[in-house]
Amino acid sequence: MNDVVKKDLTEAREVCPTTSQRLLKEGALLVDVREPEEVAQVGFAGCDVMTIPLSQFEDRWQEVPRDRDVILACAVGARSLKATYFLMYQGYTQVANMQDGMTRWAAKGFPVIGSAEAAVSSAAASSCCGGTAEAASAETSCCGGGAASAGAGCGCEGAPAAGDAARASGGACC
Amino acid sequence: MEIKILGPGCAKCKATAEMIARVAGEAGRDVTIEKIEDMRQIVGFGVMTTPAVVIGGKVVHKGTVPSHDQVLDWLN
Chain P
21 MNDVVKKDLT EAREVCPTTS QRLLKEGALL VDVREPEEVA QVGFAGCDVM TIPLSQFEDR
81 WQEVPRDRDV ILACAVGARS LKATYFLMYQ GYTQVANMQD GMTRWAAKGF PVIGSAEAAV
141 SSAAASSCCG GTAEAASAET SCCGGGAASA GAGCGCEGAP AAGDAARASG GACC
Chain V
27 MEIKILGPGC AKCKATAEMI ARVAGEAGRD VTIEKIEDMR QIVGFGVMTT PAVVIGGKVV
87 HKGTVPSHDQ VLDWLN
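So the protein sequences, as listed, match chains P and V. Counting from 21, one number per residue, gives the positions in the first sequence under our numbering. Counting from 27, one number per residue, gives the positions in the second sequence under our numbering.
Hints were generated in silico from the structure; no laboratory data involved. Treat the numbers as computed from the prediction; the structure is a model and nothing was measured. Fair warning: there could be bad hints in the mix.
Listed next, the stretches of chain V that the computed footprint assigns to chain P, with coverage defined by at least 3 CB atoms under 8 Å from CB atoms of chain P [as the list claims (entries may be wrong)]:
(1) 70-78
(2) 81-87
Pair by pair, the computed Cβ-Cβ distance ranges are [unchecked claim]:
(3) P:127 <-> V:53: 49 to 57 Å
(4) P:138 <-> V:52: 26 to 34 Å
(5) P:79 <-> V:44: 27 to 35 Å
(6) P:135 <-> V:27: 28 to 36 Å
(7) V:54 <-> P:114: 31 to 39 Å
(8) V:47 <-> P:47: 45 to 53 Å
(9) V:102 <-> P:138: 35 to 43 Å
(10) V:35 <-> P:47: 33 to 41 Å
Just so it is clear, CB atoms sit at the ideal spot from N, CA and C, and this is done for glycine as well.
With the sequences and hints as input, model every part of the structure.
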């Protein structure tokens, strides 16, 4: 297979849905990495959205523009964090991960297509092991290590990913 | 021989490590297996699909548990 170019990636920038909403209004692009069946249930709206399922991301990442701010999102923010790091590996610099993803976006009442209730239920029912979604609690899933902690206080904008800590879905300020 | 296994610690990752250890034992090869489970470090190898196996600076496999013969081929 391929020769490895190993890179020590810096911690990804993470933004809460509220900050994401502002950045999107200022012209950022939202890249939704959820799988098609999830997007069919409930989709991000009110902003410029590109959909690249994580299962296709290795083949399609070049569709993401380099000359524009990009926010990656999924159901709860774990898969999109992986995609964020992958874009950073590929040399992208204007990328950020949306903390807590669609679950928090919908809970905040931000625009969606479809059922906002589906966002919460799909996140709770999903599992990373099926290849379609990450579990709501990374601590108990095989995705452990991928999720970032919401942390204390509102250090959302520009905050680096916590890396190994599991995300506490109820602890975010935003 | 140093072998890195990239994966979040799921069942397939453990099976990959066990397969490599077993085949190395059968073949009498001395291998050092290093598991890399941190997602940022995994992606730092340019890999998104796991488990992945890195040997001698190459990603030799990714996405599935390797077969007995594949592992034997790498060790030889």
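Results for each hint:
1. 70-78: holds (count 5)
2. 81-87: It holds: at least three residues are needed, and the stretch 81-87 of chain V offers 5 whose Cβ sits within less than 8 Å of chain P.
3. P:127 <-> V:53: 49 to 57 Å: holds (54 Å)
4. P:138 <-> V:52: 26 to 34 Å: For residue 52 of chain V against residue 138 of chain P, whose Cβ atoms are near 50 Å apart, the range 26 to 34 Å is violated.
5. P:79 <-> V:44: 27 to 35 Å: holds (30 Å)
6. P:135 <-> V:27: 28 to 36 Å: violated (53 Å)
7. V:54 <-> P:114: 31 to 39 Å: violated (51 Å)
8. V:47 <-> P:47: 45 to 53 Å: holds (52 Å)
9. V:102 <-> P:138: 35 to 43 Å: Violated, since residue 102 of chain V and residue 138 of chain P (Cβ atoms, about 52 Å apart) do not stay within the stated range.
10. V:35 <-> P:47: 33 to 41 Å: holds (39 Å)
Comparing the model with each numbered hint stated earlier shows that hints 4, 6, 7, 9 do not hold.
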